[in-house]
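Chain by chain, the residues:
Number of protein chains: 2
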Amino acid sequence: MVPLNRQILLAARPVGFPKETDFRLVDSSLPDLAPGQFLVRSIFLSVDPYMRGRMNDRKSYAEPVGIDEVMVGGVVGEVIESQHEKFGVGKLVVGMFGWQEYAISDGTEVRIVDTGSAPISTALGVLGMPGLTAYCGFLDICQPKEGETVVVSGAAGAVGSVVGQIAKLKGCQVVGVAGSDAKVAHLVDDLGFDAALNYKSTDDYYGKLRELCPEGIDCYFDNVGGPISDAAFALINRFARIAICGQISQYNAQKLEQGPRLLWKLIEKQAKVEGFLVFQYVSQFREAMQQLSEWVDSGKLKYRERIVDGLENAPRAFLEMLQGENIGKQLVKISEAP
Amino acid sequence: MVPLNRQILLAARPVGFPKETDFRLVDSSLPDLAPGQFLVRSIFLSVDPYMRGRMNDRKSYAEPVGIDEVMVGGVVGEVIESQHEKFGVGKLVVGMFGWQEYAISDGTEVRIVDTGSAPISTALGVLGMPGLTAYCGFLDICQPKEGETVVVSGAAGAVGSVVGQIAKLKGCQVVGVAGSDAKVAHLVDDLGFDAALNYKSTDDYYGKLRELCPEGIDCYFDNVGGPISDAAFALINRFARIAICGQISQYNAQKLEQGPRLLWKLIEKQAKVEGFLVFQYVSQFREAMQQLSEWVDSGKLKYRERIVDGLENAPRAFLEMLQGENIGKQLVKISEAP
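For the protein sequence lines, the chains are A and B, in the order given.
Position 309 (the first sequence) corresponds to 611 in the working numbering; numbering is contiguous.
Position 12 (the second sequence) corresponds to 314 in the working numbering; numbering is contiguous.
Just chain A, same shape as in the assembly:
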């Protein structure tokens, strides 16, 4: 048996931007396995923007995390004890095991890790939920066509960086919006974006974006919202398609932010805006994963990870991700891979 299970609980509901004291590290013991259960040792924990929403009291598309409950999160781990037929000892698995060193599962919504020759950490990134989010949401809603201009906000994040590269693979002109010069350089030099804007270097998002998109914007994939999206909306072309994946600029707002009314623009440009959650595409996951794996294996789809060591540092990693410290996928390493 495991001596102790360290866990990170939600200690308090954040007011505005979360603090480390909104979390609490505790030691707990694990019960014995019941038939049909197995025990997972966490290796990597994913921290993602959606977790900010779960810290609020208000039900959105999912239930909030309760006070003193383990924070939700996707984890890659190894099965180290099992009374389950499918998930035997030694299997590498990915599931919503939460912010903790060990988890007991009955296999519900758990997958065997299948990242081919790529590291198992990619099961939380380019070959996991973020990669599927990018692939399914972008292709379904934006329907990118060769030669079109695609703008991606949050472009250096786990989802945005995949969207931009898929857009390049589809023959589009791709412009990223990100929050540092290092990110801009990464997007253009490493990932092959045609251009990128460091939005922290200017107040004139509209003017800068117009320079980078002389033909206007046909597809906008939005992870950020707020004034960056206002500028993008102002530049859309006729029949533009806008996918709303995230609104990270709004997650810490204490009341609904005001902004310019945008609906008239949608008539003028006969344009479409659609919000989505990756779960709605579950029937396409298998095909999407095959394509993503193929692109990763052949080097057409690149990824970067930022890894913080130790479960105790997960709150800091999460806060840094919310502040945009990460380039690519933000992970927490909890224990060694086998």
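It is possible that part of the hints are untrue.
For chains that are exact copies, the list does not tell them apart, and a pair is met inside one copy or across any two.
Straight-line alpha carbon distances no greater than 35 Å define the calculated DSBU-like cross-link-like pairs of lysine-lysine that follow [unchecked claim]:
id, residue 1, residue 2
1, Lys602, Lys635
2, Lys557, Lys393
3, Lys361, Lys510
4, Lys604, Lys470
5, Lys510, Lys388
6, Lys635, Lys472
7, Lys557, Lys510
8, Lys361, Lys472
9, Lys502, Lys388
10, Lys502, Lys557
11, Lys510, Lys602
12, Lys502, Lys361
What the hints contain is simulated information worked out from the structure, not anything from laboratory work.
Could you slot chain B onto chain A? The hints should help.
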């Protein structure tokens, strides 16, 4: 030949809400017909919200009307002289002949009036552009399903009243938003809406709409925008479809109005918002018109018209329409039908 052609010109670009002095009535003479042309005597002129946009200097989806140019507008008229093969003397035609008593045309984008047993005025309303706008936009974007809740703003107008009745024909629960108790009574008592809200009777659009839509909103067809749309967005269900047809609350704004940011809601509800112009559905007009005619003939689709007499009163009719004085289609009668 015609002695004189009275015309209404755009005299000045309106600042905010237009005034009668933004228009000017003039007498002009008509040139002789060239081969391939015909002369139309105007019978009914349509005044519509889109005309407000054309009075501005800024190009939107169409060119602005120039100062001292005849105001644009759809007209039903009779051919009274012709050097055109198809459009012979005595034909009743509908086209963009403008705010004037007579017009010379070469037949471009002119249709023979085909309203069956319905009066020719319907070629500007339920069996014209407003009817097609309602039919094509609502069915394509909203994809209404039996039992769903549909909300229509501007519900007593030429487009909204058709949308609501089509929604009823599709088995939906239909709630209209309109600007007077008389309109509310008309929607419910005459057109068969399940409920309607007089938005001028309350400040609590959200609370009132929630009462009328206890199951939430699956489809929202928006002619109005502004705070009414904010309330509707707050009540949408998962996978809601929102068609943006007009934003009449915004047309007289002198700068972009601010409102609550709505994009997050689209993620939470996996919802779609789409703006459209009726012209994009031109390939469906024939089929749409057949269905609309059938419904009108069988009494399933009702309509009302508000008719102001005399070309000289067209500016007043237009301003009254912008202020919501009309129930149903606002028309100006310019001369007698044959």
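A quick look at each hint next to the structure:
Proximity of Lys602 and Lys635 under a CA criterion of 35 Å is satisfied intra-copy only: 26 Å inside one chain copy versus 66 Å between copies. For a Cα distance limit of 35 Å, the shortest separation of Lys557 from Lys393 qualifies neither inside one copy, at 45 Å, nor across copies, at 61 Å. In this assembly of identical chains, the alpha carbons of Lys361 and Lys510 lie at most 35 Å apart only when taken from different copies (22 Å versus 37 Å within one copy). Within a single copy, Lys604 and Lys470 get their C-alpha atoms as close as 12 Å, which meets the 35 Å cut-off; across copies the closest is 52 Å, which misses it.
For the homomeric pair Lys510 and Lys388, neither the shortest alpha-carbon distance inside one copy (53 Å) nor that between copies (53 Å) is at most 35 Å. Proximity of Lys635 to Lys472 under the C-alpha cut-off of 35 Å is restricted to the intra-copy arrangement: shortest distance 34 Å within a copy versus 55 Å between copies. For the identical chains of this complex, Lys557 and Lys510 are neighbours both inside a copy (29 Å) and across copies (22 Å), given an alpha-carbon limit of 35 Å. For the homomeric pair Lys361 and Lys472, the shortest alpha-carbon distance between copies (32 Å) is at most 35 Å, but the shortest distance inside one copy (37 Å) is not.
In the homo-oligomer, the alpha carbons of Lys502 and Lys388 never lie at most 35 Å apart, since the shortest distance is 49 Å inside one protomer and 63 Å across protomers. Proximity of Lys502 to Lys557 under the C-alpha cut-off of 35 Å is found in both arrangements, the shortest distances being 23 Å within a copy and 26 Å between copies. With identical chains, the CA atoms of Lys510 and Lys602 are at most 35 Å apart within one copy only, with a shortest distance of 29 Å there and 53 Å across copies. Taking the shortest Cα distances, Lys502 and Lys361 sit within 35 Å of each other both inside one copy (32 Å) and across copies (32 Å).
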